[in-house]
Amino acid sequence: KQEVTQIPAALSVPEGENLVLNCSFTDSAIYNLQWFRQDPGKGLTSLLLIQSSQREQTSGRLNASLDKSSGRSTLYIAASQPGDSATYLCAVRPSSGGATNKLIFGTGTLLAVQP
Amino acid sequence: GAVVSQHPSWVICKSGTSVKIECRSLDFQATTMFWYRQFPKQSLMLMATSNEGSKATYEQGVEKDKFLINHASLTLSTLTVTSAHPEDSSFYICSARELGQRNSPLHFGNGTRLTVT
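These protein sequence lines map, in sequence, to chains A and B. Residue numbers for the first sequence follow the working numbering, beginning at -4 and rising by one. Residue numbers for the second sequence follow the working numbering, beginning at 274 and rising by one.
All the pointers check out, no bait thrown in.
With a cut-off of at most 20 Å between alpha-carbon atoms, the simulated DMTMM-like pairs for lysine to aspartate or glutamate come out as follows: (1) K37/A - E295/B; (2) K97/A - E325/B; (3) K337/B - D361/B; (4) K97/A - E336/B; (5) K293/B - E325/B; (6) K337/B - E325/B; (7) K314/B - D34/A; (8) K37/A - D361/B.
Per label pair, the in silico range of CB-to-CB distance: (9) R67/A - K328/B: 33 to 41 Å; (10) L341/B - Q109/A: 41 to 49 Å; (11) K337/B - A73/A: 43 to 51 Å.
No lab work stands behind these hints, which were simulated from the structure alone. Cβ coordinates follow ideal geometry from the N, Cα and C atoms, glycine included.
So that you can see chain A by itself, here it is in the shape it has in the complex:
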């Protein structure tokens, strides 16, 4: 059974700092991994999608890496800003076990960037 874990559960940093969020998954049989941002009481905004054949994806100040064999992904945020404060979720899409259409989410990292 695929399980997704995110560490740390919460993180507080001063503005301008670079930071790394971690995501690990137990089964390497995945189609892709997706990072989302969720603001309080809101839906999800997709940040980056990494296909299983890719190693990393970049968008602006965000860079996500994927090491499928070790079951790990990181989301790197450069020069953090108070507007980056949100909960960050990673999710994997399994490629086996009959559950190939669903996303399995981690529990998220609550990020607070202090001005």
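Given the coordinates of chain A, work out where chain B should sit on it, guided by the hints.
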């Protein structure tokens, strides 16, 4: 970009009543939509997969007679919480994948906050 619209964004209802939540893909077609539930400080849990023109597929532990799903067109899926109880209070989020784009990202609605009194 692909937009998923969810309505209403919040609803308060009395115990025993039914509530319908709509999920629309505004600028793309989706044969499959997904309904998730999120309890406070927890992650999203998939409730069911909504298939256009056929019955929804429910996850283990989700009562199909309580959470009725209808996917009548390629742009609309509805979730009806029947005979709602306070324990059904939660944040419900739908998502959709563009037709024919198997490996494309899922697009999410803004969610519906349901409070049952």
